[in-house]
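Read off the chains here:
Protein chains: 2
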Amino acid sequence: MTDLNTLDRLVALFAKLPGIGKKSAGRLAYHILDGDPAYARVLAEQLLALHGAIRRCSRCGSFTETDPCPICADPGRDSSLICVVERAQDVRVIEESREFRGRFHVLGGLIAPLEGLNPGDLAIGQLLNRVRQDKIREVILAVNPTVEGDTTALYLQKLLKDTGAEVTRLASGLPVGGDLEYADRLTLSRSFRGRVKL
Amino acid sequence: MTDLNTLDRLVALFAKLPGIGKKSAGRLAYHILDGDPAYARVLAEQLLALHGAIRRCSRCGSFTETDPCPICADPGRDSSLICVVERAQDVRVIEESREFRGRFHVLGGLIAPLEGLNPGDLAIGQLLNRVRQDKIREVILAVNPTVEGDTTALYLQKLLKDTGAEVTRLASGLPVGGDLEYADRLTLSRSFRGRVKL
Numbered sequence: 407m408t409d410l411n412t413l414d415r416l417v418a419l420f421a422k423l424p425g426i427g428k429k430s431a432g433r434l435a436y437h438i439l440d441g442d443p444a445y446a447r448v449l450a451e452q453l454l455a456l457h458g459a460i461r462r463c464s465r466c467g468s469f470t471e472t473d474p475c476p477i478c479a480d481p482g483r484d485s486s487l488i489c490v491v492e493r494a495q496d497v498r499v500i501e502e503s504r505e506f507r508g509r510f511h512v513l514g515g516l517i518a519p520l521e522g523l524n525p526g527d528l529a530i531g532q533l534l535n536r537v538r539q540d541k542i543r544e545v546i547l548a549v550n551p552t553v554e555g556d557t558t559a560l561y562l563q564k565l566l567k568d569t570g571a572e573v574t575r576l577a578s579g580l581p582v583g584g585d586l587e588y589a590d591r592l593t594l595s596r597s598f599r600g601r602v603k604l
Numbered sequence: 407m408t409d410l411n412t413l414d415r416l417v418a419l420f421a422k423l424p425g426i427g428k429k430s431a432g433r434l435a436y437h438i439l440d441g442d443p444a445y446a447r448v449l450a451e452q453l454l455a456l457h458g459a460i461r462r463c464s465r466c467g468s469f470t471e472t473d474p475c476p477i478c479a480d481p482g483r484d485s486s487l488i489c490v491v492e493r494a495q496d497v498r499v500i501e502e503s504r505e506f507r508g509r510f511h512v513l514g515g516l517i518a519p520l521e522g523l524n525p526g527d528l529a530i531g532q533l534l535n536r537v538r539q540d541k542i543r544e545v546i547l548a549v550n551p552t553v554e555g556d557t558t559a560l561y562l563q564k565l566l567k568d569t570g571a572e573v574t575r576l577a578s579g580l581p582v583g584g585d586l587e588y589a590d591r592l593t594l595s596r597s598f599r600g601r602v603k604l
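So the sequences go chain by chain: L and V.
Counting along the first sequence from 1, when you hit position 94 you're at 500 in my numbering, and nothing is skipped either side.
Counting along the second sequence from 1, when you hit position 13 you're at 419 in my numbering, and nothing is skipped either side.
Think of the hints as simulated: they come from the structure by calculation, not from any bench.
This list has only true hints and no planted wrong ones.
You can't tell identical chains apart in this list, so a pair holds if it fits in one copy or across any two.
Listed below are the simulated EDC-like cross-link pairs for lysine to aspartate or glutamate, each with C-alpha atoms no more than 20 Å apart in a straight line:
#: 1; residue 1: Lys429; residue 2: Asp440
#: 2; residue 1: Lys428; residue 2: Asp496
#: 3; residue 1: Lys429; residue 2: Asp496
#: 4; residue 1: Lys564; residue 2: Glu554
#: 5; residue 1: Lys564; residue 2: Glu492
#: 6; residue 1: Lys428; residue 2: Glu501
Construct the entire structure; sequences and hints are all you get.
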């Protein structure tokens, strides 16, 4: 093997990213090496600036450059609705759908005792405070339809019962454009239980 | 949309890389933001060092930190064999297969008149010089089995005819582990024409 230290180190670093294998990492590194050095410089600058520029919003826990974040600070959003998500990046996904005009709350994980994640490790106390103080009308649980998501949703549902807020959860079922034939049994069963009247 | 300038810029930069779409770019950026700032710093450092540390080998044209590159400088390699490749990254792929113990020559592209790539744009003169000066016994054309690869192979074959070197090309046919059913017509036709006696 040619002893390309800088290149090899770059490949090894890229290969640590999610969804990037050794082959893809090599392709990325060579693409950057083959390309304009200005691209590598700008990418490096953004990486160096990243952790300094971005922090957590003290209210909702999502990533932001200002505190409170633009969503929490926006008076045009419905302050009586809270959408609860697992991770900060989920905020971005939901924002891009333009389906929700309320505020967010980032849990910072889901309840998973086997992985050592208990309710005390999540931002659940803060959620309860916000629901009580801001007179929240509805809490939408936008957690994934997984075992951990189900556990967390059940836990939060019980906890939020006496706050007076309505607790809902995103519908689970067949994906749009999907095919019955390729749906797994659990998804199919959920889409039956959640069937809607036409 | 939350106005995350640094994050958005990083996502946009990642999305310019080959094989990285907007969703993957977001995943990568959030992964780095969620992770150890030291990782972002080291990645940035390697990106900044990359173009300064790595240049082209003046003999074979592959990427290297020293000139001549370790492969050209290695006296243990067979100096009478040259493997001709399209791009510098192909050297890495072939080296990893540990199948070849000669030297390399990077063309810097393939003949593609429609894309404005003519023989004069490739390192073909240097190849001829090397073949003549180093008394090369065999030139192995390791170009892709594409129209451009075929054109380039034919061109080089004619050009190298009176150097006395044998000119060969990598076998083309069914990939190992592949299935006849999924092979395209051209691959199947090549694997017939290149069939070997058992």
